[in-house]
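K.L.:
One letter stands for each residue in the lines below.
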Amino acid sequence: DAGVIQSPRHEVTEMGQEVTLRCKPISGHDYLFWYRQTMMRGLELLIYFNNNVPIDDSGMPEDRFSAKMPNASFSTLKIQPSEPRDSAVYFCASRIGGSYGYTFGSGTRLTVV
Amino acid sequence: AQSVTQPDIHITVSEGASLELRCNYSYGATPYLFWYVQSPGQGLQLLLKYFSGDTLVQGIKGFEAEFKRSQSSFNLRKPSVHWSDAAEYFCAVGAKTGANNLFFGTGTRLTVIP
Numbered sequence: 001d002a003g004v005i006q007s008p009r010h011e012v013t014e015m016g017q018e019v020t021l022r023c024k025p026i027s028g029h030d031y032l033f034w035y036r037q038t039m040m041r042g043l044e045l046l047i048y049f050n051n052n053v054p055i056d057d058s059g060m061p062e063d064r065f066s067a068k069m070p071n072a073s074f075s076t077l078k079i080q081p082s083e084p085r086d087s088a089v090y091f092c093a094s095r096i097g098g099s100y101g102y103t104f105g106s107g108t109r110l111t112v113v
Numbered sequence: 114a115q116s117v118t119q120p121d122i123h124i125t126v127s128e129g130a131s132l133e134l135r136c137n138y139s140y141g142a143t144p145y146l147f148w149y150v151q152s153p154g155q156g157l158q159l160l161l162k163y164f165s166g167d168t169l170v171q172g173i174k175g176f177e178a179e180f181k182r183s184q185s186s187f188n189l190r191k192p193s194v195h196w197s198d199a200a201e202y203f204c205a206v207g208a209k210t211g212a213n214n215l216f217f218g219t220g221t222r223l224t225v226i227p
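As given, the protein sequences belong to chains L and B, one line each in that order. Counting in my numbering, the first sequence runs from 1 upward without gaps. Counting in my numbering, the second sequence runs from 114 upward without gaps.
Honestly, I wouldn't trust all of these hints.
Unchecked claim - Once the Cα atoms are required to be at most 30 Å apart in a straight line, the calculated BS3-like pairs of lysine-lysine come out as:
#1 B:K181 with B:K162
#2 L:K78 with L:K68
#3 L:K24 with L:K78
#4 B:K174 with B:K162
#5 L:K24 with B:K162
#6 B:K174 with L:K24
Stated by the list, open to error - From chain L, some residues computed to sit far from chain B (all C-beta separations above 10 Å):
#7 M15
#8 G16
#9 H29
#10 G42
#11 V53
#12 A67
#13 N71
#14 S73
#15 A93
#16 S106
#17 V113
What the hints assert, rightly or not - To give an idea of the interface, some chain B residues facing chain L are shown, with a C-beta separation under 7 Å as derived from the structure:
#18 Y138
#19 Y145
#20 Q155
#21 G156
#22 L157
#23 N214
#24 T219
The hints are simulated quantities; they were obtained by calculation from the structure and are not laboratory data. Ideal placement from N, C-alpha and C gives every residue a C-beta, glycine not left out.
Let's have the full structure, built from the sequences with the hints guiding it.
P.N.:
Encoded structure:
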C-alpha cells in the first residue's frame, strides 16, 4: 500500500484565491482526519469523517474552510477565499475503526501571500 | 478539557547520550497515550502507544515510554541516541471511548550533535 497520499506537496497562492487540498486514504480505512500544523498552535484537528460522513467539524476555523469526502478513497479540504494566516502544513490521516493505528500523509505546505 | 504539554521546545543531545522527552497530559477520563516522530518534510510516524497494562511500553527504533498516572506523565526515553533520531517528537492523547481524535502536544525538536 502506498500509504496516505496528499497532493499537492507544496502550494503557493495569493490571498483571496481558492485552494483545494487533496487526500487519498489507505484502502479499507474508514476514518479520515484533517489536521493543520502551525508553529503557534501545533497540530490541530480540523475535521474527521467516518465512512465518508463528517462527524466533527468543530475544529474548522471559519466558514472559509470546507471539507468533503465524496467516496471512501478521496477527500478534499477547500479554503475560499484564502488568507495569509491560513499558511500552514495540512495533514491528512486515516485509520481503521477500533484501532488507533493512524497513518499520516506527508502533508501539504500551504503558503498564502 | 483535554490538553497535552511538552515543556521542552528544543533539546540538544550528543550522539550516544541518553534522552528523555517530557509529556504531561490533562484528561477527564482514562486516556490512550501516544508518541509520534516527524522527520523534516514528512508526516508523523507512530513510535509507541499505551492503552493499558504494563506502564512501560516499548516502541520502534529503541524508544520506550513510561506511563505514570500519579504524575499524569508519559515521558519518552532512549538509552543511546543516534544521529538519525534528530526530528520533532509529539506526544498525543486520545479517549478510550467517545471521540476518536487525537490531541497533540506542541512538539519537542531534538537536535543530535556528534
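K.L.:
Under the constraints set out in the numbered hints, which ones does this structure not fulfil?
P.N.:
Hint check: 10, 15, 16, 18 fail, others pass.
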